[in-house]
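Visitor: Sequence:
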Amino acid sequence: MSATFDPRATDVAAEIRERTDGLGVDVSFECAGTQGALDACIDATRGAGTVGQVALHVGERAVLPEVWTLKDLTICGTWSFRFYDAPRFLGQVASGRLPVERIITSRIAIEDVVPRGIEVLEDPTADQVKILVEVG
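By the working numbering, the letter at position 79 of the sequence shown is numbered 73, and the numbering carries on one by one without gaps.
For the record, the hints were derived by calculation from the structure and aren't laboratory data. If you're wondering where the values come from, they're calculated on a predicted model, not measured in any experiment. Just so it is clear, CB atoms sit at the ideal spot from N, CA and C, and this is done for glycine as well. Be a bit skeptical, because a hint or two may be false.
Quick list of in silico lysine to aspartate or glutamate cross-link-like pairs, EDC-like style, CA-CA up to 20 Å [as the list claims (entries may be wrong)]:
1. Lys124 - Glu113
2. Lys65 - Asp15
3. Lys124 - Glu105
Computed beta-carbon distance windows for the label pairs [claimed, not checked]:
4. Glu105 - Thr44: 37 to 47 Å
5. Ala103 - Thr44: 40 to 50 Å
6. Cys70 - Ala8: 33 to 43 Å
7. Pro109 - Ala26: 20 to 30 Å
Just need the whole structure built from these sequences, with the hints factored in.
Guide: Structure (structure tokens):
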């Protein structure tokens, strides 16, 4: 089963609990970098489940470790790749075996980073996936 929810219009954790007969998901990944997204992941994950923290949070944030303990959650932080994997990835990109250009949805100039890059990617209704910033 898969589904997509708009967190502005839906209580995501409640919807997940309803669809799982109150159990919750085995694993959730927080990828938005917001307090609400982290709270929803914690709330939507079943007891003894795992929450993967992927996004970088900026600004004030709060965690309630006692909730993690009472739910027996495993909370793990992860980065997109291990630093020692970078030469292998870059080699695959350089050789053409990893065609990263296929995920580029727009190209913009450096002076347009905020209005045509960051602001567009912040908009959940936008159709952009990866915006390449051309420098020079």
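Visitor: Which numbered hints does this structure break?
Guide: 6
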